Amino acid sequence: MSVARHTAYPSCLLASWSIPGLLFISRLTAAESSSPIQLRDASQQTGIHFIHTDGSSGRRYIVETVASGLATFDYDNDGRIDILFLNGAPLPGSPAMRTPPRNALYRNEGGWKFADVTRASGLVDTNYHLGVCVGDYNNDGYSDIYLNNFGPNTLYRNNGNGTFTDVTREVGVAVGNRVGAGACFLDMDGDGDLDLFVANYVGFTFENHRISHMNGFPAYVGPLHYPATSNVLFRNNGDGTFTDVSMGSGIASLLGAGMGVIAADIDNDGDTDVIVGNDLRPNFVLQNDGTGKFKEVGAALGLAYDSFGNVQGSMGVECADWNNDGWLDVYITPYQRQLATLYENRKGAYFDDVARQTGAAAGTYPHVKWGIGMIDLDNDGHRDLFIACGHLIDNVEQFDSTTSYNARNIVLRNTAQGRFVNVSELCGDGLLPKLSSRGAAFDDLDNDGDLDVVILNSRREPTILRNDSSKTNHWIQIQLRGTKSNRDGIGARVTVTAGDLSQIDEVHSGRSYQSDFGKRLHFGLGQRGAIEQIRVKWIGGGVDTVRNIGVDRLITLVEGRGLETPPAPAQLP
Amino acid sequence: MARLAIPGVVFIGVVLGGSWWFRREPSRAPGPSKEHNVTPAAEPIKLGPSGVQGGAASRPEVEATALKQEAVAVAGQVAEAYPNDALAYALLGSAYYNTGRSEAAAKHLQKCLELRPDRVEAYEILARVAYEKGDLEETVRLCQEALKRGPVTGDVLNRLGRAQMDLGRTEEAVRTLQQAVGLPELASESCYLFGQAHMQSGNFAQAKEGFRRSIELMPNHTQAYFGLYTACLRLGQNEEAARYREQFVKLEAVDRKDLTDRSAQEDTLNGLQMVRETVARTLFGAAQIHHVHEHHEKAAGLFRRSAVLDPDNPMYRAALEAFYVKRNELAAGAEVFHQLVIEQPRNSLNHFFLGRLQGRLEEFDAAERSYQKVKELTPDWSEGYRALAELYLRANRKTVEAQSLARKAIEFEPSGSNYYILAVACWRNNDRPGALEAVKKALALSPDETTYQQLFQQLQSTP
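Heads up: the sequence lines are chains D and U, in that order. Each residue of the first sequence is one higher than the last, beginning at 1 in this note's numbering. Each residue of the second sequence is one higher than the last, beginning at 1001 in this note's numbering.
Keep in mind the hints are simulated off the structure, nothing from the lab. All values derive from a computational prediction rather than experimental measurement. The C-beta atom is built at its ideal place from N, Cα and C for all residues, glycine as well. Accuracy of the hints is not assured; some may be wrong.
Stretch-level coverage of chain D by chain U, calculated; a stretch enters the list once three of its residues show a Cβ under 8 Å from a Cβ in chain U [claimed, not checked]:
id	segment
1	208-221
2	301-307
3	347-357
4	363-371
Go ahead and model the full structure; you've got the sequences and the hints to work with.
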């Protein structure tokens, strides 16, 4: 939907997209006090009492700075999206805690109420949790969880009855004691089951720990003080076990400082590639040959560095088609004094950093950026940007007054004219909290057809934002169910065509900043009241097409069968 | 680190000009001093409230912090003493900026501009602060203000162009950076940014030219090679792109090895020397302000402190020497430098300036020993030879050796002044042809120098 409908501005103003974003905002402000995107802070009403800890004690271990991600997914298949918050753990020097901190699984009860079911679920380990990915690795219809930790990692198998079992050693996905980061389930070889990519950060140990000082104040050291590390790739054997294929796949020799990762088909050749954001090292793009052999092509594709040739402190990595040209673009959130980068996919040949020209980095420079969502917040058919911000040096204001430990998050609205505008000040009270955010997840928590936001804040309570944007735009949500492909449809490419608008998306497992969300694909449709066609290309080659689909509903597409009998509108749980 | 590179004294230098140079200052510093033991004036600071359990700050970190605090304190005293002096606020703003306290810096820089709206340097620092805060519109405004009010400099144009690029105003950035690359003193960074602006606007051929010029001026400009690689790829020049990529990868690996901290702020473990140099500039600026306001004792103390902090910078010692010469306190000046020699015995500049004062005091033997020490410590620095030659000629002794010394000075630096000394030495040794040849060379290098012209005329009129 065009801005003109919301603001009643003449179209000549809309066409002047070269006007700087800030000026554009001031014009909106002059005539209207809000943006089409409205996010309300619903944190207090949810019943969520989770408080994150990074285990800090003043000794400034680097792992404290990178905790943690979160996941939104339907763990019990009741049609409502639940939330898993990852937690840190006490580190040497931390004060003793009566109750050891642990992750928190909150079941969505409906009506913006969530219940802590952690204990009942069995997700009660007290490891130091950094990243998470969710996927049905055994294709039994229930979402399993992989936790990438500082220390031993954990694969939790969903038992289908609300409980989970630690099957890490049993299935063979232990990676020893490392500093974890993001992780992804993906079907790298198209054999119908989910393989597992595990990113690792740096070779930090308590023995090689050091700190730095800035203007006399103690500060964390950066990643270059520690050795680079390699990532791990596990192939799913199809029998409930995995095999470490890092060496044979071509990834074991690549040393980096992995943070956010995402698996996506960025060259439209039908298989899933992997992008690893490295902290102060060139990013990796692992191009899949379709059989699970990867070649690193980050520099060749223009994703290793920003447009100025600078390596970035990459944190979050996300993929989506921002300009609806049928190619997945990439957005990376880096450190302070680095602009966030929007890499536009030039039809698979290379990527161009277009952050400056499009305004996709507006407001990001002074902050450390983490979780990122390229999601359609106002259902106008164009992906907006939600960027979670917050410094990692908790006393940074003492020696750098251009930034702050706690920061407001940023919303950049896609104008559909090749530009983003910063609407953070106009989105309602949801963008007011100033916290040190890390992971962010985007899912429809209240099943009302728009994407809500969940943010994990370091050392604090999370922020839960209810999307209260205008309901005049149409939408469709698509759940995939594989039969020959992996059951979640992870890696499948979905194309939705509605009138003049054609959009693509893929189901991902593991994305953004060490988080997971969006197993239900969400497409805003603007004012288009009908969908001519939805095409699904499954990993492994099969294609399903359904036509003439109604809007404003959640549908399930089953591989080889098409549309599952949809519920009538407004009958979602 | 760009933050520490902002000199506290650039603008003050502009205001006060060359009024300190009673004699010609050394044309070139003799190279890094072998002396870097500096005693911080302030007590080691207490560390931040969060404390450190994993290990205390090392001595370099403590010293660096103490030095920055000293600079702020000294600049603060200057601003308090001279509340109507715009430069005092500019100095204080600069000192705060170097400690990361941008808000305080901006406050004092604004005060400077209230008193003197034409202080371009204040706009420059404010623009830097605005950019670091991500306020691009304000960065553009401040840069444009600086350009309106003062000389057009590459630094300001580069920052303006960068901000315009970050705002997506590519055409404006292209025009700005076109102006930057048209300046007489062409900077590598201007060419590089010019290239970037053209990359953004899709003019890859122009971009390539910009990057190429950038590496002509700075052969190790890592990002310029990246720019060349990318531009060549876009132009379909794949073989050439591969060569540039190879060079980029090599340089980038070296850069990464040097980069030990994730933030743009410098880890003080590696930056102590730069901190000393920057603080020295601030203290020097404070000294100049005190001097203008005729608080000479304070000025002298700060000139000396600057010299101690930055052993390799001749400017501070030259200013200290000039201070005592102007006040006709040669003996006091010599004593100050004598103390510096004791504190930093391997600093050639200390011996050099001591020699100059001893020469003025006609303590020729002492001056000779000082200059011999200069030669010993910095055997490839022409000034040591020239100064000793000049001393011998003034004292009318060892004139043959003076001629030899002058030739040695020319070997290291064939400058007008060195040829002049040779000419005088030749003449003193009755080598008129040699003198004429030398003075002609001096005039060829500095045709407007009246001293050389006078010598030439004298030689011509002498049979």
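Now for the hints, and whether the structure bears them out:
1. Remark: the segment 208-221 of chain D is confirmed as covered by chain U, as 11 of its residues place a Cβ nearer than 8 Å to a Cβ of that chain, reaching the required three.
2. Residue count for the segment 301-307 of chain D with a Cβ under 8 Å from a Cβ of chain U: 3. That meets the three needed, and the coverage hint holds.
3. As drawn, the segment 347-357 of chain D meets chain U at 3 residues by the rule of a beta-carbon pair under 8 Å; at three or more, the given contact holds.
4. Evaluation of the coverage hint for the segment 363-371 of chain D: fulfilled, as 5 residues show C-beta separations to chain U shorter than 8 Å, against a requirement of three.
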